[in-house]
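A.B. asks: Sequence:
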Amino acid sequence: MEVVHHSPGKSLRLSRLINPVSGRTFVVPLDHSVADGPIASAPAVRDIALAVSRNGGDALLLHKGRMRFLPADVLRGTALVLHLNGITRHAPDANAKVRLAEVEEALELGADAVSIHINMGSDTEAEQLGDLARAADGCARWGLPLIAMVYPRGPRMTDPTDPDLVAHAANLAADLGADIAKVPYTGSPVTMAEVVRSCPIGIITAGGAPVAGRQLTRTVSDVVASGALGVAMGRNVWASPDVAGTVRLVADALHLPATTPTAGDIPARAPSRPDRELAAVHRAPAQT
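In this text, residue positions in the sequence shown follow the numbering used here: the first is 56, and each later residue adds one.
Bear in mind the hints are in silico, worked out from the structure with no lab data behind them.
Take the hints with a grain of salt, since some may be wrong.
EDC-like, lysine to aspartate or glutamate: derived pairs with alpha carbons at most 16 Å apart [what the hints assert, rightly or not]: (1) K119 with E163; (2) K65 with D167; (3) K119 with D167; (4) K65 with D192; (5) K65 with E159; (6) K119 with E160.
Just need the whole structure built from these sequences, with the hints factored in.
C.D. replies: Right, here's the structure in full:
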């Protein structure tokens, strides 16, 4: 990754996103409720946020309205990323992400960064690219890091994990001014390393379909081996019956790969009603 000289404000905020021990980052998106509906009951979502903060998650990613309900402990100990766009799965075109927030709102909410989702190859790609470029301009003006989630996704995309497409997505983010690109994992540390080498900004991989235990730690270890900046895992975290344990498992595999713990018996999928299983989220003691 090339050395990029940021403004003092952006550099400071980026340092909150990156774990100082490993130089990598573990982002947990909780923005799914806009697209898909509630991921859990309101109290359970608060418990999930606390479990992420207390067990090694580096950043939480949410929409602006949900940020109002975060516990104070989370606000003090975990970086916050404001997500700027979205669409529901009920829309005529669920790939047509629309702008829902502005960069300036991130400052008002105390967020450390913003993110925006682009579906490369979708029918509304042009509008989404314009939103990304404008977000990059605003982030440069206000000193906020920008995470561009660029996915090969649309009627002309048959394999979103194709290394050539993933490399195109990552470099698209870089070319339009993002500081970090979030892209699909190619499925192989060898091909993912090629994507990383092609791109001048840090890359984090999307979590993908729910997995667990040794498969989860193996995936994270492969991402580390590729040289990527880190991982973003949403469903693998909030759909787990042991959120705290899953966060700690991923954090250890990402930040302390030489001492990755035994995977245990965390199931790949939670039961169909996440608010029942997540109401009793285990919360380990805060890390000091």
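A.B. asks: None of the hints should be skipped; say for each whether it holds.
C.D. replies: Now the hints, each set against the structure:
no.	hint	verdict
1	K119 with E163	holds (10 Å)
2	K65 with D167	holds (9 Å)
3	K119 with D167	holds (13 Å)
4	K65 with D192	holds (13 Å)
5	K65 with E159	holds (14 Å)
6	K119 with E160	holds (8 Å)
In this structure, every one of the numbered hints holds.
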